[in-house]
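Residue numbers (this note's numbering), protein chains in the order written: chain E, 1 to 110; chain X, 1 to 118.
Simulated from the structure, these hints should not be mistaken for laboratory data. Quantities reported herein were computed from a predicted structural model and do not represent experimental measurements. Every residue gets a Cβ at the ideal spot worked out from N, C-alpha and C, and that includes glycine. Hints should not be assumed to be uniformly reliable.
Said to hold, decoys possible - A few chain E positions that, by computed beta-carbon distances, are all more than 10 Å from chain X:
#1 18
#2 71
#3 92
#4 97
#5 102
Stated by the list, open to error - With a straight-line cut-off of 25 Å between C-alpha atoms, the simulated DMTMM-like cross-links for lysine to aspartate or glutamate are:
#6 E:70 <-> E:15
#7 E:70 <-> E:53
#8 E:70 <-> X:105
#9 E:69 <-> X:57
#10 E:56 <-> X:105
#11 E:69 <-> E:53
#12 E:70 <-> X:44
#13 E:69 <-> E:7
#14 E:26 <-> X:30
#15 E:26 <-> X:83
#16 X:68 <-> X:30
#17 E:26 <-> E:83
#18 E:26 <-> X:105
#19 E:56 <-> X:57
Single-letter residue listing:
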Amino acid sequence: SQQGEEDPQALSIQEGENATMNCSYKTSINNLQWYRQNSGRGLVHLILIRSNEREKHSGRLRVTLDTSKKSSSLLITASRAADTASYFCATDQGAQKLVFGQGTRLTINP
Amino acid sequence: DAGVIQSPRHEVTEMGQEVTLRCKPISGHDYLFWYRQTMMRGLELLIYFNNNVPIDDSGMPEDRFSAKMPNASFSTLKIQPSEPRDSAVYFCASAWSPAPNGIRETQYFGPGTRLLVL
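Pulled out of the complex, with its shape left as it was, chain E reads as follows:
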């Protein structure tokens, strides 16, 4: 079964706006990762946040992690048309494997 649950399932915003996606999980984790998937392509790693970190930045991306609530958020600032993709959170629970959520489909309208 999928561990991470993304919210919302789909998000449509105007170019230039910020996009926020959320992920909830159920068990303790070593780290949480976010991946992007463009239509018809494989997943691409975006950012990793460890269980002892609360916030991390990478370019226009900002990830937060709240282990007490077992949740994470991905913020994309100043969105661009090229950000249109599906975004997945993945939890590393140990045993060297990731469990992916169902993803959020993000559409950036020009």
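Based on the hints, put chain X in the right spot on chain E.
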């Protein structure tokens, strides 16, 4: 580096036929993962290898599925016989552990094989 290479990119076959999917991981990576993605079930881990040895195959749906990794640069996922419900996109991913028992972090995905079983 060319990244993870998968072949074929598309496969259309008839029910009952054998299907073989191939993967070449990134050179130097010691972990290899096979995933299946469908609209209904999302991205599921089927099996993963470490140093060519299968570690966890609990996600393999049934005996019709088998995976091998004869060497560090090649892996196959075989479905025999195939069924329409096997239709999905199959991804291979590889990763690298920085040290023995080290935490493996980023996974690098191939472009996937889109399988359609008629």
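Going down the list of hints, with the structure as the test:
1. 18: holds (25 Å)
2. 71: holds (19 Å)
3. 92: violated (8 Å)
4. 97: violated (6 Å)
5. 102: violated (5 Å)
6. E:70 <-> E:15: violated (30 Å)
7. E:70 <-> E:53: Satisfied, since the Cα-Cα distance of roughly 13 Å is no more than 25 Å.
8. E:70 <-> X:105: Answer holds: residue 70 of chain E to residue 105 of chain X is near 19 Å, not above 25 Å.
9. E:69 <-> X:57: violated (31 Å)
10. E:56 <-> X:105: holds (16 Å)
11. E:69 <-> E:53: Distance of about 14 Å is within 25 Å: holds.
12. E:70 <-> X:44: Given pair residue 70 of chain E, residue 44 of chain X holds - Cα atoms ~21 Å apart, limit 25 Å.
13. E:69 <-> E:7: Between residue 69 of chain E and residue 7 of chain E the Cα gap is close to 15 Å, so the pair holds against 25 Å.
14. E:26 <-> X:30: violated (29 Å)
15. E:26 <-> X:83: violated (33 Å)
16. X:68 <-> X:30: holds (14 Å)
17. E:26 <-> E:83: This hinted pair is violated, its Cα atoms lying about 28 Å apart.
18. E:26 <-> X:105: Between residue 26 of chain E and residue 105 of chain X the Cα gap is close to 20 Å, so the pair holds against 25 Å.
19. E:56 <-> X:57: Distance ~33 Å between residue 56 of chain E and residue 57 of chain X Cα, so the pair is violated.
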